[in-house]
Amino acid sequence: MTLPAGWEMVVGLEVHTELLTKSKLFCGCANHFGAEPNTNICPVCLGLPGSLPVLNREAVDFAMRIGMALHCTIAPSTFHRKNYFYPDQAKDYQISQYDLPINSGGYLDLPDGSRVSIERAHMEEDTGKSTHLGGSGRLAGADSSLVDYNRCGVPLVEIVSGPDIRSAEQARAYAAELRGILIATGASDGRLEEGSMRFDANVSVRRSGEPFGTRCEIKNLNSLRSLGRAIDYEARRQIELIEDGGVVRQETRHWDENLGETSTLRVKEDADDYRYFRDPDLVDLAPDQAWQDRVRAALGPMPAERRAALVAVLSAPTPAQLDAVEVVIDLGLEAYVHAVATAGGDAALALSRAANELAGDLDHLENLSVEAFVATTAMEQRGELSATQAKTVLGELLARGGDPAEIAAAKGFEQLAEDTLGSTVDEVIAQNPDEWQRYREGDEKLAQFFIGQVMKLTRGQANGKSVIAALQARR
Amino acid sequence: MRSAAQIAADVRSGASSARAELELSLEVIARRNEELNVFLHVDEAGARAVADAIDEKRSRGEALGPLAGVPIALKDNLCQVGVPTTCSSRILEGWRPPYNATVVDRLLAAGAVPVGKTNLDEFAMGSSTENSAFGPTRNPLDPSRVPGGSSGGSAAAVAAGMTSISLGSDTGGSIRQPAALCGLVGVKPTYGMVSRYGLIAFASSLDQIGPFAHSVADAALVLEVVAGHDPRDSTSLPEPAPALVAHVNDGVAGKKVGLVRELVEGADESVVAAVRAAADALSDAGAEIVELSIPELALTLSAYYLIAPAEASSNLARFDGVRYGLRVDAEDVTAMMEATRTAGFGAEVKRRIMLGTYALSAGYYDAYYGQALKVRTLTIQAFDAAYERVDLLLGATTPGVAFAFGAKTADPMTMYLNDVFTIPTNLAGHPALSVPFGTGEAGLPIGVQLLGPGRSEAQLFAAARVLEIADGRP
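Same order as they appear, the protein sequences are chains E and F. If you read the first sequence in the numbering used here, its first letter stands for residue 1, the second for the next number, and so on. If you read the second sequence in the numbering used here, its first letter stands for residue 1, the second for the next number, and so on.
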């Protein structure tokens, strides 16, 4: 979507990610998803009187990994209390980093070559979850409210970008790239649908060359799709408002995915005064060089580097192949493709099988050895297996493991004998004289049509290349 | 009353039993608690079970701890499993903690027998226990007067002979001041010496748990048991408990003690005289006395009344009616929280929550809370400079002896001024203790205060022991 001529949007993103630590940020409760409400709690995360927080060092490891992957400076930091009353907040304050975050001043390079600055990536604790029943369905005016404190105290890192994003597409690309990085660091599972990553967008607009306009913060963005839609909607809303002679009010707005619009949540004047101050229950956090070095040494390559390495084994990749590269990097499947390439096999074929067949059955990936994948791809490349047969063999390998040649033999996947293939090709030509005529006159597109017909008659047993050879011989 | 050390020795030797000591304690409580209002809850059944377990342990020939069979009173802001814990507030009425404070675990491990929970100024905010939602505690030495506060109940328990020792908490003087008013030894340890885990916070950066006892040796014994690193408190010092009892009789020969002008200024004549006499006693024991001035101390009261309420405003936010304690129903959650807090907190607690909220507010933070933090830094630097010159400091604990009920309640500032000598130590995070020395008006006890740099508890006890002997308690 493009904005009206002469207008530009200015967007900064705040991304919250849950960390995959074994325990919560300040207590020993397990950090996992989906337990019965209020069963994964203790005096500390429930904020019982007299309880005290103790910082989880594993969470610091993850926070530093994120900072390092985003080229941030890691500095001595402190924890503050953000004070506000809300029933799902056990202490009625949230422990968060404020003026001295652990990570600051980094950047993230996007696949299109643009760079988005990272202002900070700080640690904080998550709140519980409220459910409001009856009445208004919101906190004020509900008949009753239920609170589940299982999520209370789950470690989060909030990554704040600079106001460097200029389009919804770029915002989505940033979020996707960041998601890849978070997965690569092991800090997050990147599961947006489970809320392990959440987005807030700060959006303003300006006429090109003018200073920044007043910004609105949009909350409740839980997918890349709503992120993009909400930013576009909000930028247009602000432009229309200004063009009609209005003024943008600084406010927090709520994105309604069904209506496809944002609406006022609270205006700046009503914003809470959080009365931040240093949490006297916690001490300063200053990871020494040895600790930082240990974390850095354990950090693997980031998606950009892995993407470049994968593209390098493909010759002149098509846009579709670049999409497949994204899938393979995202899911961490590139080892299969690199193995095929190293063995001198068809990397493009391997990429396609990885992005489709492997990506489709991630739960059983441990059954499929890299060697078996290389062997299957080689058999397909040599024409010993048709595409359909190769997919069947991969499916069998994923389901139960085993040897690809044995599976192919057990399934009776020997290629059709030359003469059987020849008679089938003759049959298809006889049934489709018009198409055959056009093919003979040079309409190469019809080759696919004939392959399809032969496949139909042989139930996928034929090899596409052999069919083309047979067609060529009869041309 | 026998000392805690003596009771433990008798229980270990078999001359007495934990159960017999407990029954003696319960008997005094039964006789005097109604009049004095010391205990908010006496855990007779729980205490008998603990005492019997100790006696059984002995009968099996197992080793007993340093406080074997010694009944102890706990200020009612310390959590003990299943025992009602109120902070003397309506807002926590009926709440029973599901966990023990670290100090309670350590007392139990040492063989002590917690008998119950003592009265305090609500959430430890006050200097007389008159701010308790459950009525004031009376001073056992003169029931027409206050025992001091906020740990007034724990002081009165020991002064009345209900227990030989007790634990209180000290945020701005809440152990030392009632110790002085009740004629006891009271200790505010170095910040981080004793774990705060399970102490319901008033002002987290100032709170510290410490003992009351009749003697310096008993106070040292209790502190040795409860002190030492605790992984559950991030602000806990990294080292184990220091040896204290072994150094009680080290004396003060060769030590330099500074008599601080700002820590006696404005005190009653009898108090000033007692502090001077204490200086002479230390000098007689071989210490060198130097008079010095630390002008920064004049700023500390104002700084304290910004920092402590600021932290309290946040610490007390959790009492919102959602999870535990009082709930006053209303049309929605926000209204319920407001109604609960309005009904549950007393006037002084509300005053400090409002003070603290204001001090932290946008636009006021720098002028109030931020400024107070600067004063705190100045105070620490001023003390550090003083400790370059001397080993310990000497002053008054309170401006006067125990006062009458209602004498200082009309204007909050009058009450706040009672803590003017004790507050500086809390801001610095240093240890200090009050030891009885002489008497004043109506024959009531006077407490003198000894202060030292961080981790100087052993020296403080040794100096206090010198004064104890000089005051006629060999």
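Derived by calculation from the structure, the hints in this document are not laboratory data. We put the CB at the ideal spot given by N, CA and C, even for glycine. Just to be clear, a hint being listed does not mean it is correct.
Where chain F lies over chain E, by a calculated footprint (3+ residues, C-beta under 8 Å) [said to hold, decoys possible]:
id, region
1, 44-53
2, 87-100
3, 281-291
4, 329-343
How does the coverage statement for the region 281-291 of chain E fare against chain F, requiring three or more residues with Cβ below 8 Å from a Cβ of that chain? Held - the region 281-291 of chain E has 3 residues with a Cβ nearer than 8 Å to chain F, which meets the minimum of three.
Review point. Does the region 44-53 of chain E contain three or more residues whose Cβ lies closer than 8 Å to a Cβ of chain F?
Key: holds (count 8)
Notebook entry, point to check: Do three or more residues of the region 329-343 of chain E come closer than 8 Å to chain F, measuring C-beta to C-beta?
Noted result: Our answer is that it is violated, as 0 residues pass the Cβ test (under 8 Å) against chain F, missing three.
Are at least 3 residues of the region 87-100 of chain E within less than 8 Å of chain F when you compare beta carbons? holds (count 5)
In terms of the numbered hints stated before, the structure departs from hint 4 and from no other.
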